[in-house]
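Trainee: Single-letter residue listing:
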Amino acid sequence: MRILVCISNVPDTTTKVKFSADNTSFDDGGVQWIINPWDELALTRAMELKEDTSNGVSRVTVVSVGPASVEPTLRKALAIGADDAIRVDGEAGDAHYVAAQLASVAGSGDFGVILCGIESSDYNGSAVGGMLSEILDVPSVSAISGLTMNGEEVTITRDIDGGKEEVSVPAPFVGVVQKGIAKEPRIAAMRGIMMARKKPLQVVPAVDAETLTETQEFAMPEPKAPCKMVEADNVKELVGLLQNEAKVL
Amino acid sequence: MSVLVYNENWDGKFKKLSYELVSYAKAVAGMTGGTVTALSIGNVDQDELSSLGAYGANSVLSVAGVSEGLDNQLYTQIIAAAMEKSGAKVLVLANNNTGKAIAPRLSVKLKAGLASGVTAVPESVDPLVVSKKVFSGKAYGKVKVLSGSAILTLAQNSYEINETGGSAAVEAFEPGVDASSALTTIKDVQKQEGKLLLTDADVVISGGRGMKSGDNWAPIEELAAVLEGATACSRPVSDEGWRPHEEHTGQTGKIIAPNLYMAFGISGAIQHLAGVNSSKCIVAVNTDKDAPIFESADYGIVGDALKVLPELISEIKAAKAQ
Ligand SMILES: Cc1cc2nc3c(=O)[nH]c(=O)nc-3n(C[C@H](O)[C@H](O)[C@H](O)COP(=O)(O)OP(=O)(O)OC[C@H]3O[C@@H](n4cnc5c(N)ncnc54)[C@H](O)[C@@H]3O)c2cc1C
Ligand SMILES: Nc1ncnc2c1ncn2[C@@H]1O[C@H](COP(=O)(O)O)[C@@H](O)[C@H]1O
Numbered sequence: 001m002r003i004l005v006c007i008s009n010v011p012d013t014t015t016k017v018k019f020s021a022d023n024t025s026f027d028d029g030g031v032q033w034i035i036n037p038w039d040e041l042a043l044t045r046a047m048e049l050k051e052d053t054s055n056g057v058s059r060v061t062v063v064s065v066g067p068a069s070v071e072p073t074l075r076k077a078l079a080i081g082a083d084d085a086i087r088v089d090g091e092a093g094d095a096h097y098v099a100a101q102l103a104s105v106a107g108s109g110d111f112g113v114i115l116c117g118i119e120s121s122d123y124n125g126s127a128v129g130g131m132l133s134e135i136l137d138v139p140s141v142s143a144i145s146g147l148t149m150n151g152e153e154v155t156i157t158r159d160i161d162g163g164k165e166e167v168s169v170p171a172p173f174v175g176v177v178q179k180g181i182a183k184e185p186r187i188a189a190m191r192g193i194m195m196a197r198k199k200p201l202q203v204v205p206a207v208d209a210e211t212l213t214e215t216q217e218f219a220m221p222e223p224k225a226p227c228k229m230v231e232a233d234n235v236k237e238l239v240g241l242l243q244n245e246a247k248v249l
Numbered sequence: 250m251s252v253l254v255y256n257e258n259w260d261g262k263f264k265k266l267s268y269e270l271v272s273y274a275k276a277v278a279g280m281t282g283g284t285v286t287a288l289s290i291g292n293v294d295q296d297e298l299s300s301l302g303a304y305g306a307n308s309v310l311s312v313a314g315v316s317e318g319l320d321n322q323l324y325t326q327i328i329a330a331a332m333e334k335s336g337a338k339v340l341v342l343a344n345n346n347t348g349k350a351i352a353p354r355l356s357v358k359l360k361a362g363l364a365s366g367v368t369a370v371p372e373s374v375d376p377l378v379v380s381k382k383v384f385s386g387k388a389y390g391k392v393k394v395l396s397g398s399a400i401l402t403l404a405q406n407s408y409e410i411n412e413t414g415g416s417a418a419v420e421a422f423e424p425g426v427d428a429s430s431a432l433t434t435i436k437d438v439q440k441q442e443g444k445l446l447l448t449d450a451d452v453v454i455s456g457g458r459g460m461k462s463g464d465n466w467a468p469i470e471e472l473a474a475v476l477e478g479a480t481a482c483s484r485p486v487s488d489e490g491w492r493p494h495e496e497h498t499g500q501t502g503k504i505i506a507p508n509l510y511m512a513f514g515i516s517g518a519i520q521h522l523a524g525v526n527s528s529k530c531i532v533a534v535n536t537d538k539d540a541p542i543f544e545s546a547d548y549g550i551v552g553d554a555l556k557v558l559p560e561l562i563s564e565i566k567a568a569k570a571q
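Taken in order, these protein sequences are the chains called U and V.
Residue numbering for the first sequence follows the numbering used here, starting at 1 and increasing by one per position.
Residue numbering for the second sequence follows the numbering used here, starting at 250 and increasing by one per position.
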C-alpha cells in the first residue's frame, strides 16, 4: 500500500502577521516557511507505519499545491523521510481548487491512505481534506488522533465530544489528522537532508478547477484595552471587578 | 434567503451550541426575510425538536433511524437532501469536529463555497461576504462566496443566544438514502460520563508550567468547581503528564471561548493564546510582570499562583455567599 501526505506550506507559527498596504494580501516579507504542523505529524506517522515492515507500506509520497517557492518545504518532507514528492504547479487559490488538484494526483496513484491535516495554520480553512474525499468519492474520517495498521486493515482513533471512538473504514480513504497522531514531529537528520537532494521531486501542471470562495480583504482585530493590574495582596478587588465590571461571576 | 441549520444531538439532547447555531441561522435568514429550517439526524424526541423553535427555527426536519456514529458520507447525503427539500441557499453548521468533518464534503456535493469558523453574520448576502478568523485568531479575513449557495461553520461561543419564543412544526423527513450504506464501522466508544466538557464551559480555570507540578492542581480544580467551570492547561503541562491531554488548549489543542478564562502560571505563548484569545474575559496570574499573557489579559495579578489561588477561592466563596 502507498500513503500520500498532503503538505500545506505555511508561515512559521510565531510569525508576526502583516498585510499589504491595501490589506488584500498577506505580507510574506521575512517570513520563515514550514510544513503545516499537523501535516508534519501526519508525515511522521506515515514514516512510522512504513518502518514497521509488517504493515506493507511500500512508499510515502508527499504532495503540495503551490508555486516553486513551496519546494524547500517539500525537500524538508523528503529529508524527514518521504520517498518522493509532487508539486502541483498552481497558485493555491481556494480550498476547492486545491482539493481538485490533490484529487487529480491521488487518483493517478494507488494510494490506500491519503492524509491531510485538520487545518492549515494560516487560513484555518479545515476544508481541503474533506473536499478531497468527496471529489474522490471515498470515505473520510476526521479529527484522527491515532492510526494503526495490521496488514491492509487500518484502525483509526478519532476524537468526539468528550471522548474517543475507534473506527475503521475501507481503503482508499482520506484521513484528516490532528494532534496525537504522532507524539513529536520527526526532525530531519543530516543524512536525511543529504539524501533528500537526490530524491525525486516531480512537478505536474495544474488541472482546470473551480474556485468557490475568495478572500477579499484582511483586518487586524481591534486593539484591546490594557490589562488592569490588581495587587497580589488585594484579591478581593479582583473578585469585585469580575463581579461588577466584567460581570462574569 | 432561507437557511438550513444542522443540529447535532448528544444522546438525544441539544445543548447551548445548538441554540447558538439556530440563533445565528435566524439572524442570517433575517437579513433578507427568509426562513430557518433546522435539521436533526438521529433519535430525538418531539419536545426537544420543537424547542428549537424558541430560538428562531420555523420548522424542523427530523431524520430518525440513523445510527449516532458519524459516517461522513452518509451524513453528507442526508444534509444535501435536506438542503434540496428546504430550498435553502445557506447551510449553517458548527465549526466543531462534526462540522469540520462534513462541511467540506457538502461544499463539493452542493457546489457551495465554504467559509469556516465565521464569527459574525455576513456583511452582505448578495454576494455573500462574511468575516472569519485567520492565522489562529491573529487576524480576520473577509471571504466572498462565489457560488449561488454557501456553507458557513460558526466558531463556537461567538454568537449570542437569542430566545425569540415561538415554536416549530416538526416533520419527519425521509431523505431517500440507504442508511446501511455507511462504510464507517465503529468498534469502540470511550466517553467521559458526567463531566462538563471544556468546549461547553462558561468558565475555564487553566494552569501552566508555573504551577510547578501536577500535584499542585487541587486549588485549580476547586476553583473550577466553585465556579461550575472546567479545567484546562497549557501544552507542556499535558506533555509532562501533569494533566490529561483532553485539557490542553491552544493551536494544537482545544480551541475555547468561555466567558471567563483564568490562566495561572501560563506565559502566554502565541500558540497557547490561539486557543483562548476569543474568551470574553481573561484573567492572568503570573510571577513575571513582563509575561506576554498580560498583553492579552483583561485583569492581571503579578504574584505566585499557589498563593493567589487559595485567597481567590475564599474571596469568591464569600462573594457568592452574599
Ligand atoms: C507548533 C507549536 C504548537 C504549539 N501548540 C501549543 C498549544 O496548543 N498550546 C500551548 O499551550 N502551547 C503550545 N505550544 C507551546 C508554546 O509555544 C509554549 O511553549 C507553551 O504554551 C508554554 O507553556 P507555559 O506557559 O505553561 O510554560 P512557560 O512558558 O514555561 O511559562 C510558565 C510561566 O509561569 C510563570 N510562573 C512561574 N512560577 C510561577 C508561580 N509560582 N506563579 C505564577 N506564575 C509562575 C512564569 O513566569 C512563566 O510565565 C506550541 C508550540 C509549537 C512550536
Ligand atoms: N496547497 C496545499 N497543498 C497540499 N495540501 C494542502 C494544501 N492546502 C491544504 N492542504 C492540506 O489540507 C489540510 C487542511 O488545510 P485547509 O483546508 O487549508 O485548512 C492541510 O493540513 C493539508 O494537509
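Bear in mind the hints are in silico, worked out from the structure with no lab data behind them.
Note that beta-carbon positions come from the ideal geometry of N, C-alpha and C, so glycine has one too.
It is possible that part of the hints are untrue.
Stated by the list, open to error - Among the chain V residues that face chain U by a calculated CB cut under 7 Å, a handful are:
no., residue
1, Pro353
2, Val392
3, Ser429
4, Leu509
Trainee: Does each hint hold? Answer for all of them.
Mentor: Comparing the hints with the structure gives:
1. Pro353: holds, 3 Å
2. Val392: holds, 5 Å
3. Ser429: The hint is violated - V:Ser429 has no Cβ within 7 Å of chain U, the shortest such distance being about 15 Å.
4. Leu509: Holds. Min distance 4 Å.
Of the numbered hints listed earlier, the single one contradicted by the structure is hint 3.
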